[in-house]
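Chemist: What follows is the residue order along each chain.
Number of protein chains: 2
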Amino acid sequence: MEISIRPAREADMKDVHRLIRELAEFEREPEAVEVTEDQLREDGFGQNPKFQCFVAVSGDRIEGMALVYPRYSTWKGPAIHLEDLIVTEAARGKGVGSALLTRVIRHAADAGVRRVCWEVLDWNEPAIGFYESRGARVLRDWDVVQLDAAGIAAYLKEYESI
Amino acid sequence: MEISIRPAREADMKDVHRLIRELAEFEREPEAVEVTEDQLREDGFGQNPKFQCFVAVSGDRIEGMALVYPRYSTWKGPAIHLEDLIVTEAARGKGVGSALLTRVIRHAADAGVRRVCWEVLDWNEPAIGFYESRGARVLRDWDVVQLDAAGIAAYLKEYESI
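Taken in sequence, the protein lines are chains A and B. When we follow numbering that gives the first Met the number 0, the leftmost residue of the first sequence carries the number 0, and every step to the right adds one. When we follow numbering that gives the first Met the number 0, the leftmost residue of the second sequence carries the number 0, and every step to the right adds one.
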């Protein structure tokens, strides 16, 4: 399988959205995807893009994608965050994920950042082993915290007036 | 203690940098802070600020700070990330952290995002309990992964040509 990695175009967002939904279904949370294909087009390709995306292409098929954006570390300065790296089930085990990760690290080096960060499920040992083999540190004592839309509204209602 | 929260000014970065270093010393990693006061000024107050910062002020003293920037969720769309929330040791237990967090959630609501996210040490039960009491979900099965400057260079040297 001949794979090439290139920056995503606006027209790729249909396939990118399909990959995002595929992953959410695999994680048994298909209804959690509130982002639409149109929103991806707007958010990624407007005046101030909110993310950059790379796609892995084989022939005319998009077999994978990596989506990144800048973050800021108060210790290291500007950083690049890898939000999603998704490979279609049919294309797994063929180096697509590795090629996408390499493209992301190149993007980070070109941007001059001193850190690339992402998140991993702590039971996903194959992924953790892969990342560690490539030099990444998995900070097992740091957890992710999220307050979602309903939580934001409830928080302000209860605490803002105090 | 009368505390007010306001957006940080460029001139506050001296105090903000002091708070960042205080936290790093508390976490026994003082040498990990590579960001300088000048870099905070440039990165936070240039043409395209890389972060927004709020400070907690008592009299003419800065007693705490919260530093945030946008992220992007492929499920929820634009999000706000809380990178640091720091309160000086002398001012703890007086509601400063809570007031800063409330300001951050207000900032997120004003920005129209559907998620606020941050990270917490998994053994920091008081912090976790506080966040959960305010409606946040602590995703204990997600870990943080980081590839730092030396890792980026080593990665590209070893894998980019494959």
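Careful, some of the hints might be misleading.
Identical chains blur together in the list; that is why a pair holds if it fits in one copy or across any two.
[As the list claims (entries may be wrong)] Straight line, CA to CA, 20 Å or less: simulated EDC-like cross-link-like pairs of lysine to aspartate or glutamate:
(1) Lys49 - Asp109
(2) Lys75 - Asp109
(3) Lys93 - Glu157
(4) Lys75 - Glu33
(5) Lys156 - Glu82
(6) Lys75 - Asp121
(7) Lys49 - Glu82
(8) Lys13 - Glu41
(9) Lys75 - Asp37
(10) Lys156 - Asp109
(11) Lys13 - Glu88
(12) Lys13 - Asp42
(13) Lys75 - Glu41
(14) Lys49 - Asp121
FYI, nobody ran anything at the bench for these hints, they're computed from the structure. All values derive from a computational prediction rather than experimental measurement.
Chemist: For which of the previously enumerated hints does the structure constitute a violation, in increasing order of number?
Modeler: 5, 6 and 14
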